[in-house]
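Per full-length UniProt numbering, the sequence shown starts with residue 1, numbered consecutively.
Source of the hints: derived by calculation from the structure; they are not laboratory data.
Yeah, the Cβ is synthetic: ideal placement off N, Cα and C, and Gly gets one too.
Among the clues, some could well be false.
[To be verified] Here are the computed distance ranges between Cβ atoms for each label pair:
1) Gln138 - Gln159: 24 to 34 Å
2) Ile55 - Ala90: 27 to 37 Å
3) Lys94 - Tyr12: 20 to 30 Å
4) Gln62 - Glu88: 11 to 21 Å
5) Arg100 - Tyr12: 25 to 35 Å
6) Gln148 - Ala90: 51 to 61 Å
[To be verified] As a list, the in silico DSBU-like pairs of lysine-lysine whose alpha-carbon atoms are at most 30 Å apart:
7) Lys27 - Lys42
8) Lys27 - Lys45
9) Lys121 - Lys91
10) Lys121 - Lys94
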Amino acid sequence: MNSQGGSIRWSYFHSALQLAVRRSARKWTYEDFAECFPTYTKEDKDGSTAIFNQISDYIETQSFRDLDRLFRSFNVQENIDILHRVIEEAKERKEARIERSDQWREDLEPRAAIAARTVPKLEEENARLREILSQTEQENNALNAQLQDRATRTNENDQQTLRLLKKLDEASRCDFETVGISQPSKGFGRMEHIAIGGARSVDETNHGVHQACFALVAFLPVHALERIPSLPSLYHVPNSYTTLTRSYHNTPGQPPLSLSLSSSSE
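Kindly produce the complete structure, drawing on both the sequences and the hints.
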């Protein structure tokens, strides 16, 4: 058992315990031992005396070992040091006449004393949780603002797309000679766009070819082409330039109108 490194109260307790163990181990005398083993002590006085001393030493040593194991299991020294510190702090507050809400009084109920100690801790935890909640609400508000902004921009893009689709659908009802699809330059946002251009060429007299009398250029998302029935096979070639040619014929045995699709890499 080690008394070093503890408080004064632990040192006093440890010294008193050592003294009690030694006294209890040496309390019985050789005469008491001789009464238990009379024949042996008469025949071998020196040997019986040595055995008596060995037994007394063993009782003392084993008692110290058992107590030391118990002290380590229950942190006796640490708890006595805490008790000593609490008592010393109470003495200092008493001398300074400092009164606290958890100060013990004869008329103080245990519930009130516990509340005086626990309520401040609960208030500190409540303040900490409120601060976390405030930070979380600020983050949620910022995320909500970003979401609203994205939703507004998405709605505007959808409206613009619908307007362009309407114009394109109206224009696609005319007779087009070529319809071209190509990738635009960077500057149209994150959406992948395509450019659609067309030129109409019809000669009702001799079926000859005249250059464009009508042209249309629009920028649309690639997926928007799926909504145009007149352009069913153009949207799937986003990395090349595709030409749809509408030709007029008066050759016997052929339809008056035919379509041909060709593409070339950019």
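Going down the list of hints, with the structure as the test:
In this structure the hint that Gln138 and Gln159 lie 24 to 34 Å apart at CB holds, the actual value being about 32 Å. For Ile55 paired with Ala90, a C-beta distance near 46 Å fails the hint of 27 to 37 Å. Distance hint for Lys94 and Tyr12: a CB-CB separation of about 21 Å, consistent with the stated range 20 to 30 Å. For Gln62 and Glu88, the hinted distance range of 11 to 21 Å is not satisfied, since their beta carbons lie about 35 Å from each other.
In this structure the supplied range 25 to 35 Å holds for Arg100 paired with Tyr12, their Cβ-Cβ distance being about 28 Å. Separated by about 60 Å at the C-beta atoms, Gln148 and Ala90 satisfy the suggested range of 51 to 61 Å. Between Lys27 and Lys42 the CA atoms are separated by roughly 22 Å; this keeps the pair inside 30 Å, and the hint holds. Distance check on the hinted pair: Lys27 and Lys45 sit about 20 Å apart at the alpha-carbon level, within 30 Å; holds.
With a C-alpha separation of about 24 Å, the suggested pair Lys121 and Lys91 falls inside the 30 Å cut-off, and the hint holds. The straight-line distance between the Cα atoms of Lys121 and Lys94 is roughly 24 Å, inside the 30 Å bound, and the hint therefore holds.
The structure does not agree with the numbered hints 2, 4 stated previously, though it agrees with the rest.
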